[in-house]
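Engineer: If you want the building blocks of each chain, they are given just below.
2 protein chains.
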Amino acid sequence: MSTHIVTAAVLLIGNEILSGRTKDANLNYLATELTSIGVRLMEARVVPDVPEAIIKAVNELRAAYDYLFTTGGIGPTHDDITAECIAKAFGVPLIKDPRAVRLLTNHYGEANLTEARLRMAHMPEGATMVENPVSIAPGFQIRNVFVLAGVPAICRAMFDGLKGRLRTGDKVLSVTISAHVGEGVIAKGLGALQDRYPELEVGSYPFFRQGRFGASFVLRGTDNSALKAGAEELRTLIRSLGAEPIEGEPQE
Amino acid sequence: MSTHIVTAAVLLIGNEILSGRTKDANLNYLATELTSIGVRLMEARVVPDVPEAIIKAVNELRAAYDYLFTTGGIGPTHDDITAECIAKAFGVPLIKDPRAVRLLTNHYGEANLTEARLRMAHMPEGATMVENPVSIAPGFQIRNVFVLAGVPAICRAMFDGLKGRLRTGDKVLSVTISAHVGEGVIAKGLGALQDRYPELEVGSYPFFRQGRFGASFVLRGTDNSALKAGAEELRTLIRSLGAEPIEGEPQE
Numbered sequence: 001m002s003t004h005i006v007t008a009a010v011l012l013i014g015n016e017i018l019s020g021r022t023k024d025a026n027l028n029y030l031a032t033e034l035t036s037i038g039v040r041l042m043e044a045r046v047v048p049d050v051p052e053a054i055i056k057a058v059n060e061l062r063a064a065y066d067y068l069f070t071t072g073g074i075g076p077t078h079d080d081i082t083a084e085c086i087a088k089a090f091g092v093p094l095i096k097d098p099r100a101v102r103l104l105t106n107h108y109g110e111a112n113l114t115e116a117r118l119r120m121a122h123m124p125e126g127a128t129m130v131e132n133p134v135s136i137a138p139g140f141q142i143r144n145v146f147v148l149a150g151v152p153a154i155c156r157a158m159f160d161g162l163k164g165r166l167r168t169g170d171k172v173l174s175v176t177i178s179a180h181v182g183e184g185v186i187a188k189g190l191g192a193l194q195d196r197y198p199e200l201e202v203g204s205y206p207f208f209r210q211g212r213f214g215a216s217f218v219l220r221g222t223d224n225s226a227l228k229a230g231a232e233e234l235r236t237l238i239r240s241l242g243a244e245p246i247e248g249e250p251q252e
Numbered sequence: 001m002s003t004h005i006v007t008a009a010v011l012l013i014g015n016e017i018l019s020g021r022t023k024d025a026n027l028n029y030l031a032t033e034l035t036s037i038g039v040r041l042m043e044a045r046v047v048p049d050v051p052e053a054i055i056k057a058v059n060e061l062r063a064a065y066d067y068l069f070t071t072g073g074i075g076p077t078h079d080d081i082t083a084e085c086i087a088k089a090f091g092v093p094l095i096k097d098p099r100a101v102r103l104l105t106n107h108y109g110e111a112n113l114t115e116a117r118l119r120m121a122h123m124p125e126g127a128t129m130v131e132n133p134v135s136i137a138p139g140f141q142i143r144n145v146f147v148l149a150g151v152p153a154i155c156r157a158m159f160d161g162l163k164g165r166l167r168t169g170d171k172v173l174s175v176t177i178s179a180h181v182g183e184g185v186i187a188k189g190l191g192a193l194q195d196r197y198p199e200l201e202v203g204s205y206p207f208f209r210q211g212r213f214g215a216s217f218v219l220r221g222t223d224n225s226a227l228k229a230g231a232e233e234l235r236t237l238i239r240s241l242g243a244e245p246i247e248g249e250p251q252e
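Chains as they are written, first to last, in this note's numbering: chain V, 1 to 252; chain D, 1 to 252.
For the record, the hints were derived by calculation from the structure and aren't laboratory data.
There's no promise every hint is true.
The list makes no distinction among identical chains, and a pair is therefore deemed to hold if it is satisfied within one copy or across any two copies.
Stated by the list, open to error - Below, computed lysine to any residue pairings styled on SDA-like, alpha-carbon distance capped at 20 Å:
#1 Lys188 to Val92
#2 Lys23 to Pro152
#3 Lys88 to Thr236
#4 Lys188 to Glu110
#5 Lys228 to Asn106
#6 Lys23 to Arg156
#7 Lys23 to Gln141
#8 Lys23 to Ala153
#9 Lys188 to Asn112
#10 Lys188 to Val134
#11 Lys56 to Glu199
#12 Lys88 to Ala63
#13 Lys188 to Thr32
#14 Lys23 to Arg209
#15 Lys188 to Arg143
#16 Lys163 to Asn28
The task is simple: from the sequences and hints, build the whole structure.
Structural biologist: Here's what the structure looks like:
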């Protein structure tokens with residue numbers, strides 16, 4: 001069975017994440033959504049509002065993966081420099097997109113369409129709009145790069161609107177089984193399980209809840225029958241250590 | 001006034017963050033702490049449990065910044081491959097650290113010190129231990145790279161214990177002032193403020209709370225008197241637009 005893989009990277013742009021002021025909320029959303037539609041998120045980066053840093057990351061990530069999603073830096077203020085950096089990364093001019101200008105004019109009205117707000121109609125030449133149903137000012141797509149807002153509600157709405165455009169691959173399915181068993185106790189059997197199922201990815205994530213240590217074990221792969229067989233072996237392994245397999249994550 | 005700058009990067013290692021299973025909680029903690037002690041976090045990356053990806057990121061980031069902090073992948077299971085990848089990145093052998101072996105022996109007892117648990121005593125040759133007051137198994141430091149656990153409580157305790165070792169630079173101070181004013185309305189004046197204070201970093205972060213739009217404006221810099229003067233000009237700018245400056249973030 002050959003596997004069809006489509007890959008992606010996420011680039012979070014903004015000083016506020018690196019200074020600790022803002023807790024990013026977009027990476028987990030994009031990671032979950034991409035996984036669910038069959039796109040594999042292979043890398044994420046956070047860079048500051050520094051043109052050289054943005055341009056370098058964009059060019060490295062768009063070359064390395066099928067898709068790149070950026071968040072942040074597309075508002076109307078001087079520190080919103082993503083569009084001009086993407087244009088530089090692609091070596092194309094930054095233009096005022098007529099359709100975006102019309103949308104902004106309708107939304108703000110001629111009188112309130114400040115020069116700053118018009119900045120939000122700027123896109124690299126050749127880009128197409130990504131719709132913003134929340135606050136109108138659009139994101140854009142240029143080749144395999146999607147440029148989204150940093151405000152979580154807008155980022156999500158933009159992604160939800162564009163995800164139908166994406167080429168997707170085989171979905172990575174997963175089974176989670178937890179147990180109150182020490183990682184150091186199950187590690188040997190778990191490693192042997194991984195060796196028997198090279199087509200699966202076997203992860204182990206320790207937890208400490210309600211005063212008890214344990215771990216969640218996650219099997220991931222595109223082959224559902226291998227996944228089922230591996231999960232059954234995992235349940236047997238857990239029982240052989242005197243513990244009871246818990247389906248899914250442990251209850252809070 | 002010359003500025004003394006010490007830089008850092010953070011590398012989060014783990015499939016679970018990229019698949020969406022786990023919401024990272026370490027980046028924001030490290031970002032906030034590093035900022036508070038005078039180390040500038042310049043970049044963060046997330047990579048999967050893939051040796052080539054880890055080694056490449058470690059070598060790029062340790063060369064580019066004064067410090068690199070990694071989180072994740074130092075437990076006892078087969079998917080914990082950070083120590084061996086760091087050894088490869090530095091081109092040194094992976095050895096069993098005698099002091100770490102003693103700590104683990106004391107903690108688990110001879111009978112329970114499985115081969116898997118002993119894996120947690122592995123470090124690249126030349127590394128020194130980073131203490132783990134939560135669950136004993138240590139992290140380590142090799143040259144400018146600090147290798148920390150992924151479990152948030154352990155990551156934090158490790159960082160708190162090691163931060164006294166770090167060389168620090170001038171602290172970046174910040175002033176936050178918010179207002180119920182559209183970014184597109186204040187953008188022009190804000191850009192002019194940034195131009196008048198090139199030594200400050202002027203950020204604008206929109207919010208929507210209790211049915212009202214607004215933005216928080218953050219001035220950052222190492223020169224306290226410039227910061228105070230810039231903040232006063234910002235308050236005047238906000239008032240000139242008919243709004244009232246709110247010190248700090250807006251109330252929830």
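Engineer: Between Lys23 and Ala153, at a C-alpha cutoff of 20 Å, which is it: within one copy, between copies, both, or neither?
Structural biologist: both (14 Å within a copy, 17 Å between copies)
Engineer: Treating 20 Å as the Cα threshold, decide for Lys188 and Val134: within, between, both or neither.
Structural biologist: neither (50 Å within a copy, 24 Å between copies)
Engineer: Is it within a copy, between copies, both, or neither that the alpha carbon of Lys23 lies no farther than 20 Å from that of Gln141?
Structural biologist: neither (25 Å within a copy, 27 Å between copies)
Engineer: Is it within a copy, between copies, both, or neither that the alpha carbon of Lys188 lies no farther than 20 Å from that of Glu110?
Structural biologist: For Lys188 and Glu110, only the inter-copy Cα distance (17 Å) is at most 20 Å; the intra-copy one is 68 Å.
Engineer: Could you place Lys188 and Thr32 in one of the four classes (within, between, both, neither) given a Cα distance threshold of 20 Å?
Structural biologist: neither (30 Å within a copy, 38 Å between copies)
Engineer: With identical chains, the pair Lys88 and Thr236 could be close in the same copy or across copies; at 20 Å between alpha carbons, which is it: within, between, both, or neither?
Structural biologist: neither (56 Å within a copy, 36 Å between copies)
Engineer: Taking 20 Å as the upper bound on the Cα-Cα distance, should Lys23 and Pro152 be classified as within, between, both, or neither?
Structural biologist: Classified as both: same-chain Cα gap 11 Å, cross-chain 15 Å, threshold 20 Å.
Engineer: State whether the alpha carbon distance between Lys163 and Asn28 is at most 20 Å within one copy, between copies, both, or neither.
Structural biologist: Within one copy, since 16 Å is at most 20 Å while 28 Å is not.
Engineer: Please work out whether the CA atoms of Lys188 and Arg143 approach to 20 Å or closer within one copy, between two copies, in both situations, or in neither?
Structural biologist: neither (46 Å within a copy, 32 Å between copies)
Engineer: With identical chains, the pair Lys56 and Glu199 could be close in the same copy or across copies; at 20 Å between alpha carbons, which is it: within, between, both, or neither?
Structural biologist: Neither. Shortest intra-copy (34 Å) and inter-copy (24 Å) distances fail the 20 Å Cα cut-off.
Engineer: Reference check for the pair Lys23 and Arg209, CA-CA at most 20 Å: within, between, both, or neither?
Structural biologist: Answer is between; shortest inter-copy Cα gap is 17 Å, intra-copy 24 Å.
Engineer: I want to check one pair: Lys23 and Arg156. Are their C-alpha atoms no more than 20 Å apart within a copy, between two copies, both, or neither?
Structural biologist: both (16 Å within a copy, 16 Å between copies)
Hint compliance for this structure: hints 1, 3, 5, 7, 10, 11, 13 and 15 are broken, all remaining hints hold.
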